[in-house]
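Colleague: This is what each chain is made of:
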Amino acid sequence: MSLALLVNGIEHKVDPAPDQSLLSVLRDNLNLTGTKYGCGEGQCGACTVLLNSRPVRSCRTLASFAAGKPITTIEGLEQNGRLHPVQEAFLKLEAFECGYCTSGMIMSAVALLKQNHSPTDSQVREFMNGNVCRCCTYPRILEAVRLASTRASAGSGEQAR
Amino acid sequence: MNGNLHSVELDFERTAALENAQQDSMFRLDYRFELQRREFFKLLGGGLLVGVCVSSLAQESGRKGRPSEDNLPTSLSAWLHVAEDGKVTVYTGKVEVGQNIRTSLSQQVAEELRSPIESIQLVMGDTALCPFDMGTFGSRTTPNMGPRLRNVAATAREQLITIAAERWRVSRDTLVASDGKILDPRSRKSISYGELSRGQELVTVIPDDPPLEAPKDWKVAGTAAPKVDGRTFVTGEHKYTPDTTRPGMLVGKVVRPSAFKASLVSLDSAEASKIPGVAVVRDGNFVGVVAPDEPSAVRAVRAIHAEWKAPAQSSDATLFSDLRKRTSEPGETYGMNPSHVVGSVEQGLANADKTLSQTYTVAYIAHAPLEPRAALAEWNNGKLTVWTGTQRPFAVRDDLAETFHVSPENVRVIVPDTGSAYGGKHVGDAAVEAARLARAAGKPVRVVWTREEEFTWAYFRPAGVIDVKSGVRKDGTVVAWQFDNYNSGPSAISTPYNIPNQKIEFHASDSPLRQGSYRGLAATANHFARETHMDELAHIVRMDPLEFRLKNLNDPRLAAVFQAAAEKFGWGREKGTPTRGFGIAGGVEKGGYIATCAEVEIDPARRDVAVRRIVAAFECGAIVNPDGLRNQVAGAAAQGLGGGLFEAIGFDDGKITNPHFADYRVPRFTDVPKIEVVLLDRKDLPPAGAGETPIVGTAPAVGNAIFAATRIRLRSMPLVPRGLPKSS
Ligand code: FES
Ligand code: FES
Chain A
23 MSLALLVNGI EHKVDPAPDQ SLLSVLRDNL NLTGTKYGCG EGQCGACTVL
73 LNSRPVRSCR TLASFAAGKP ITTIEGLEQN GRLHPVQEAF LKLEAFECGY
123 CTSGMIMSAV ALLKQNHSPT DSQVREFMNG NVCRCCTYPR ILEAVRLAST
173 RASAGSGEQA R
Chain B
5 MNGNLHSVEL DFERTAALEN AQQDSMFRLD YRFELQRREF FKLLGGGLLV
55 GVCVSSLAQE SGRKGRPSED NLPTSLSAWL HVAEDGKVTV YTGKVEVGQN
105 IRTSLSQQVA EELRSPIESI QLVMGDTALC PFDMGTFGSR TTPNMGPRLR
155 NVAATAREQL ITIAAERWRV SRDTLVASDG KILDPRSRKS ISYGELSRGQ
205 ELVTVIPDDP PLEAPKDWKV AGTAAPKVDG RTFVTGEHKY TPDTTRPGML
255 VGKVVRPSAF KASLVSLDSA EASKIPGVAV VRDGNFVGVV APDEPSAVRA
305 VRAIHAEWKA PAQSSDATLF SDLRKRTSEP GETYGMNPSH VVGSVEQGLA
355 NADKTLSQTY TVAYIAHAPL EPRAALAEWN NGKLTVWTGT QRPFAVRDDL
405 AETFHVSPEN VRVIVPDTGS AYGGKHVGDA AVEAARLARA AGKPVRVVWT
455 REEEFTWAYF RPAGVIDVKS GVRKDGTVVA WQFDNYNSGP SAISTPYNIP
505 NQKIEFHASD SPLRQGSYRG LAATANHFAR ETHMDELAHI VRMDPLEFRL
555 KNLNDPRLAA VFQAAAEKFG WGREKGTPTR GFGIAGGVEK GGYIATCAEV
605 EIDPARRDVA VRRIVAAFEC GAIVNPDGLR NQVAGAAAQG LGGGLFEAIG
655 FDDGKITNPH FADYRVPRFT DVPKIEVVLL DRKDLPPAGA GETPIVGTAP
705 AVGNAIFAAT RIRLRSMPLV PRGLPKSS
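Sequence order for the protein chains is A and B. Under our numbering, the first residue of the first sequence is numbered 23, with each subsequent residue one higher. Under our numbering, the first residue of the second sequence is numbered 5, with each subsequent residue one higher.
Just so you know, the hints here were simulated from the structure itself, not pulled from any lab data. This structure is a prediction, so every number in the text was calculated from the model and none was measured. Heads up, some of the hints might be wrong.
What the hints assert, rightly or not - Calculated cross-link-like contacts (lysine-lysine; reagent style BS3-like; alpha-carbon spacing at most 30 Å):
no., chain 1, residue 1, chain 2, residue 2
1, B, K243, A, K114
2, A, K136, B, K687
3, B, K687, B, K572
Claimed, not checked - Per label pair, the in silico range of CB-to-CB distance:
no., chain 1, residue 1, chain 2, residue 2, range
4, A, R82, B, H409, 20 to 30 Å
5, A, K35, B, A609, 55 to 65 Å
6, A, P40, B, E122, 45 to 55 Å
7, A, E148, B, T249, 35 to 45 Å
8, A, N74, B, T581, 46 to 56 Å
9, A, R76, B, R616, 28 to 38 Å
10, A, K35, B, A666, 43 to 53 Å
11, A, S144, B, L689, 39 to 49 Å
12, B, G347, A, T142, 27 to 37 Å
13, A, K35, B, A614, 18 to 28 Å
To be verified - Partner residues aside, some chain A positions facing chain B, computed with beta carbon under 7 Å:
no., residue
14, V36
15, D37
16, L52
17, N102
18, R104
19, G121
20, T124
21, D143
22, Q145
23, Y160
Every residue gets a Cβ at the ideal spot worked out from N, C-alpha and C, and that includes glycine.
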């Protein structure tokens with residue numbers, strides 16, 4: 023089954039199995055390993071990517087379903103050597119311990135800030151409740167999202183893309 | 005091979021005891037370090053090499069002349085190389101699993117070497133390059149490896165000063181090391197470390213204990229240095245084991261038995277073998293597949309028809325009575341004293357005004373690291389290389405060597421910085437599986453466990469039953485304390501309270517599930533029982549829980565964290581209500597002192613408990629990196645909410661009944677409240693580890709807060725797996 027996947031602005035021709043998940047194609051066929059496997063059950067958010075600017079669990083999304091739609095992965099956030107404001111905020115506050123959840127957290131936060139430039143803490147909690155950080159760095163992640171949102175809404179340079 | 009596949013997990017206490025024994029007397033051969041000095045520099049290029057080994061051995065070798073002339077001693081525990089280009093590489097067998105030691109150890113090296121932190125690279129957990137290490141567990145890195153690396157760095161610095169002094173023909177006392185250079189303030193000359201190392205092939209082996217910079221004078225250590233490779237985590241660049249590949253690599257999967265302890269009766273793999281590129285491997289009870297890609301591997305596993313036979317096994321319904329029944333005689337207690345007796349509990353009870361006897365239980369819980377167990381194995385001419393996330397690379401190397409009948413020097417284990425472990429990655433199951441499949445396939449094979457495999461085939465934090473019997477006087481003095489722990493483990497079993505009559509015993513049981521190390525391990529269970537019971541006693545004598553604890557305490561460090569937590573929390577300022585309660589708990593473990601205050605809100609209609617606020621006060625001697633420490637303390641306090649409130653492994657007849665995140669609930673954003681961390685920095689005391697202890701205060705503080713609001717006393721962890729019960 024031959025498909026065209028539009029990942030981070032680049033079109034890739036891939037030939038996945040009919041039952042192959044987007045996660046597996048990204049990681050195994052395209053070697054974009056920033057997106058993680060955490061459960062394969064749609065329960066942890068480690069595999070979160072943006073599809074048409076919406077966050078999806080790539081482990082529960084068939085690659086074929088994603089064909090032709092713009093996909094953004096963690097590798098696609100940095101532009102010209104500049105980190106995305108959400109990446110910057112995570113780095114600045116070190117909103118991680120082992121970092122395994124970080125890609126998924128950042129992707130979810132990016133998606134949230136696209137919809138809502140200045141979410142309240144409880145909106146962040148609700149929106150990101152599908153993302154597990156087993157190291158429980160939640161308070162810092164919350165702070166990082168807050169920081170990214172104030173930066174974005176203060177218009178200090180870039181808007182959240 | 006199945007026997008080795010699930011090699012018996014050593015209990016943490018036992019391995020820690022072994023580690024200590026090893027440091028005291030014996031040492032283990034490290035084959036790699038039989039290297040000739042010349043070979044070594046061939047490998048590294050010239051420069052300066054400083055190793056640290058246990059004091060007695062350094063002295064012994066000292067007597068025999070200069071051991072470093074020819075062979076390096078076999079007992080090194082870390083070493084540091086200053087290359088001719090000024091790059092500093094430090095080799096340690098410790099591993100990074102999110103506890104931030106790559107950064108905190110780099111800071112300590114930078115401090116002593118007086119070299120910028122960017123010039124320092126740590127090679128960690130590579131058995132071919134790093135000196136032998138027991139493993140990364142038991143909060144040993146900061147107290148043990150930190151000082152060692154500071155020693156090697158300080159020695160290297162002093163040597164660089166000596167070389168510069170000789171070169172310039174000046175007295176070494178006039179020279180200063182700073183920012184990767186040696187300076188002569190009088191002549192204003194300076195020379196970089198790289199230049200000084202050029203043409204050198206200098207090996208020094210030092211004992212474990214030269215003088216070091218006092219923590220109060222630290223400049224780099226003791227500060228909130230940013231994570232050294234932090235950027236690679238926010239860009240997705242960092243490669244964990246499941247992200248690692250090798251040319252020609254195949255995907256491996258294991259066909260899991262129908263239940264624990266099952267043996268294979270028959271296997272029909274004809275259909276699976278027809279899938280292009282798939283091979284099925286059977287060896288005893290081990291069945292696995294290799295395939296060119298993930299989808300074919302999954303299909304192959306599904307296509308295999310295996311029949312298993314398993315003995316009837318018990319379920320969680322009878323867990324606690326089973327643990328009591330299946331207990332061994334005291335004495336079989338992991339080499340610890342089977343019991344601790346002070347005074348006479350009988351007399352203490354007889355003289356008490358009130359007595360209390362209660363039982364507390366803790367469930368099995370899973371580590372559920374977000375990076376599942378994984379390994380990539382590659383054979384090359386009888387030599388095996390395995391990339392895997394483990395806390396004990398050398399133990400995994402030895403396990404592989406034994407399993408595959410090769411000598412340990414033909415096995416190399418490399419640990420990429422790992423997606424956490426929490427004590428769960430002490431063994432090399434995935435490594436053995438990948439190596440077995442790779443050998444059959446003749447190609448590199450990567451095995452990544454599914455979440456269901458994680459929840460089923462990993463080991464668990466031990467479940468336990470704890471009986472406490474105590475006596476208290478009307479004035480609040482605790483006079484008798486009997487504490488019996490079945491199965492959950494002896495660490496932090498002794499009480500920090502000053503009680504004249506005590507009998508404390510640990511009873512090992514035959515655990516129905518495979519169990520092993522965990523962040524905080526038994527300390528969590530023991531603190532839960534002790535601190536809940538103390539709360540019950542405070543209530544019986546109508547004293548404030550904090551006041552009651554302080555009255556029975558004469559450990560000033562513990563009292564200090566209790567007071568610090570209480571002050572920040574505003575303890576006693578507000579009275580609880582039936583829907584709002586405040587609780588406190590604390591204790592000592594592994595050299596760290598923790599006190600936790602919790603505020604809970606009760607929704608009586610929904611019988612729901614929400615934790616609204618946590619204050620954790622922690623003291624672990626001199627602080628190496630306050631920002632990293634804050635992150636550890638807050639993370640541990642929050643993680644403690646999982647085991648405290650709702651995490652529990654269910655099992656029945658050899659199967660796990662909730663092996664998915666959908667039915668094994670872990671803390672999420674909406675569960676985690678505001679967490680305030682108070683750090684007490686004791687610059688006069690050596691640093692202790694901090695990765696574990698802060699977890700132990702959470703569950704009892706929350707349980708005590710629930711009682712304060714509802715008068716319902718919960719004595720099982722998790723406290724509210726199905727919401728608040730109607731009564732205790
Ligand atoms: S891996 Fe997709 S949600 Fe967990
Ligand atoms: S940082 Fe380890 S899982 Fe989030």
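Colleague: Now, for every hint given, state plainly whether the structure supports it.
Modeller: Against the structure, the hints come out as follows:
Distance check on the hinted pair: K243/B and K114/A sit about 21 Å apart at the alpha-carbon level, within 30 Å; holds. For a cut-off of 30 Å, the pair hint linking K136/A to K687/B is broken: about 46 Å separates their Cα positions. Straight-line distance between C-alpha atoms of K687/B and K572/B comes to about 22 Å, which keeps the hinted pair within the 30 Å bound. For R82/A paired with H409/B, a C-beta distance near 43 Å fails the hint of 20 to 30 Å.
One distance hint, 55 to 65 Å for the beta-carbon pair K35/A and A609/B, holds here, with the actual separation near 57 Å. Between P40/A and E122/B the beta carbons are some 49 Å apart, a value that agrees with the proposed interval 45 to 55 Å. Between E148/A and T249/B the beta carbons are some 37 Å apart, a value that agrees with the proposed interval 35 to 45 Å. The hinted window of 46 to 56 Å between N74/A and T581/B holds, with their beta carbons roughly 48 Å apart.
In this structure the supplied range 28 to 38 Å holds for R76/A paired with R616/B, their Cβ-Cβ distance being about 32 Å. Separated by about 35 Å at the C-beta atoms, K35/A and A666/B break the suggested range of 43 to 53 Å. Taken as a hint, the range 39 to 49 Å holds for the pair S144/A and L689/B, whose Cβ atoms sit roughly 41 Å apart. The hinted window of 27 to 37 Å between G347/B and T142/A is violated, with their beta carbons roughly 57 Å apart.
Checking the proposed 18 to 28 Å range against K35/A and A614/B shows it is violated: the Cβ atoms sit about 50 Å from each other. Annotation: interface hint on V36/A violated; nearest CB of chain B at approximately 12 Å, more than 7 Å. The beta carbon of D37/A comes no nearer than 11 Å to any beta carbon in chain B, farther than 7 Å, and the hint placing it at the interface is violated. Using the Cβ-Cβ criterion of 7 Å, the hint placing L52/A at the interface with chain B is not satisfied: the shortest such distance is roughly 12 Å.
Annotation: N102/A was flagged as interfacial toward chain B, and the flag is violated, the nearest CB pair being 14 Å apart, outside 7 Å. The interface hint given for R104/A is broken, as the beta carbon of that residue sits about 11 Å from the closest beta carbon of chain B, more than 7 Å. Interface restraint check: G121/A against chain B, minimum CB-CB distance 3 Å, threshold 7 Å, status holds. Given the 7 Å rule on beta carbons, the hint for T124/A holds: about 5 Å separates it from the nearest Cβ of chain B.
Because the closest C-beta pair between D143/A and chain B is about 9 Å apart, greater than 7 Å, the hint is violated. Taken as an interface hint, Q145/A does not check out: its beta carbon lies about 11 Å from the nearest beta carbon of chain B, beyond 7 Å. For Y160/A, the shortest C-beta to C-beta distance to chain B is roughly 4 Å, which falls under 7 Å, so the interface hint holds.
Checked against the numbered hints listed earlier, the structure breaks hints 2, 4, 10, 12, 13, 14, 15, 16, 17, 18, 21, 22; every other hint is satisfied.
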